[in-house]
Amino acid sequence: MNRVRRRAVGGRLPVVLVLPALVGLAFLLVPLAGLLVRTPWGAVPGQLVRAEVGQALRLSLVCASLATVICLLLGVPLAWLLARSDLPGRGVLRALVTVPLVLPPVVGGVALLFVLGRRGLVGQYLDAWFGISLPFTTAGVVLAEAFVAMPFLVVSVEGALRAADPRYEEAAATLGASRWLIFRRVTLPTIAPGVVAGTVLCWARALGEFGATITFAGNFPGRTTTMPLAVYLALETDPDAAVVLSVVLLLVSVAVLVGLRDRWIGGAP
Amino acid sequence: MSRTRVLAAVLVATLFPAACGSAGTAPAASAVTVFAAASLTGTFTELGEDFEAANPGTRVVLNFGGSSALAQQIDRGAPADVFAAAAPVNMQQVVDGVGTAGTPTTFARNRLQIAVPRGNPGGITGLADFGNADATIALCAEQVPCGAAAEKVFEAAGVTPRADTLEQDVKAVLTKVRLGEVDAGLVYRTDVAAADAEVEGVEFPQADQAVNDYPVAVLADAPNAAGARAFVDHVLSGRGRAVLADAGFTAP
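Each protein sequence line maps, in turn, to chains A and B. Here my numbering is used: the first sequence runs in plain steps of one and ends on residue 756. Here my numbering is used: the second sequence runs in plain steps of one and ends on residue 1131.
Be aware that one or more of the hints could be misleading.
What follows is a set of in silico ranges between Cβ atoms, one per label pair, in the way DEER data are often shown [to be verified]:
| id | chain 1 | residue 1 | chain 2 | residue 2 | range |
| --- | --- | --- | --- | --- | --- |
| 1 | A | Pro564 | B | Pro1084 | 54 to 62 Å |
| 2 | A | Ile619 | B | Ala933 | 49 to 57 Å |
| 3 | B | Ala1076 | A | Leu608 | 19 to 27 Å |
Please keep in mind that the hints were generated in silico from the structure rather than gathered at the bench. We treat Cβ as the ideally placed atom computed from N, Cα and C, and that holds for glycine.
With the rest of the complex left out, here is chain A (with noise of 0.2 Å):
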């Protein structure tokens, strides 16, 4: 796609937006830098070649990954479901979407109990007639976290949707296209900012994903022991270490984050 890059508009920056906006950088960028003041940048390398803190790490990308995935697969249909069907009661739908997104994480993970676990309403059956555990398990992790962070995706996803002309989708219909071809060929290029946009924030929600993990999986050390859960469980005895864990996640998350807008997003401005 080719992209049109916007000159501002206008020649001097209103200081109504420009003073909330710096206010608003320094508000999320100060907290992080005392993060960094804190840390004691020696013990970094150390601790990236533990055995427990590379595992941790693996976890938590392969996990947040798999639970990106499943977002993408299920949130985009979900959200094109909201936006273009004319389903009814899709105004309360688009509601409850939303929900997990004020649940407490805690409070997701017990309900993830309560349906997936081992006396479940599913769960019992899950375990009774395949003999499938997800609790405690490294797809328990997954399952946590797609819960927790597909809102993300399907709100920026529907979003986009709803902000995106349907006369092209009309006119691909007119000239005969199928409503699965005009999703693949119209609806999805056009909405991919959004998508791009939506799998990022869910995949940094799930990447740090806690309360319904540690909930809905536990915590064992190389099954479902992610970076969130090895943080907080070294904030028990070792700030220091604790501090050190989360600027190692943090790297690698911003590592992650900018060799893909490199590589797939093509550098937007």
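Got chain A sorted already, so can you dock chain B onto it with the hints?
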């Protein structure tokens, strides 16, 4: 138009109590802020209500959590009057940090007990079952006091536990047992007593190897030192001991 007005009203309604709340955190002489270990949730809530009833106009603000997390919050300047920890090591963090007014007093003891879901579906009879790979087991992580205590009893029993999850605090272990997600967990006797509708306790002899002392102290910079002292006295009183004993604690 009316919509904006409703929105504004909602905003004001939500922001105002918050603003008042933050102004009120430096408590008036009438509030005693107590930071207490998660395992004291039931007893201290009851003792707090007692204390409020006996001292009209006084409010007890309770903050429960993992002892080490609470100790860190206090050392970072959280405005607490009283600290009650589940282990002397966490109290020591505070003694070495912001300091306490006087030496901490041990007010209760707790010991571990095996918790199993009602009916004991896993057929758990003792610590040896924790080494069985077929049983689903929840323990506390070694970083928190209940995890350290668990390590001691397993060492005494010569059992290598095969845990499926190492939880961040004892209540999280209890939740997993309550929901029937695990066949057994190692928690405090008091936790079993608090959840006796859904959970059964299994005693084991090695529990004597890891008896937990609970210290309580008034903090050196307590905003309400007099109230704090009175609350600690209430915990140490006959009534306090009775409430603690009911909940499964033993007297020091």
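Which earlier hints can't be squared with this structure? Violated: none.
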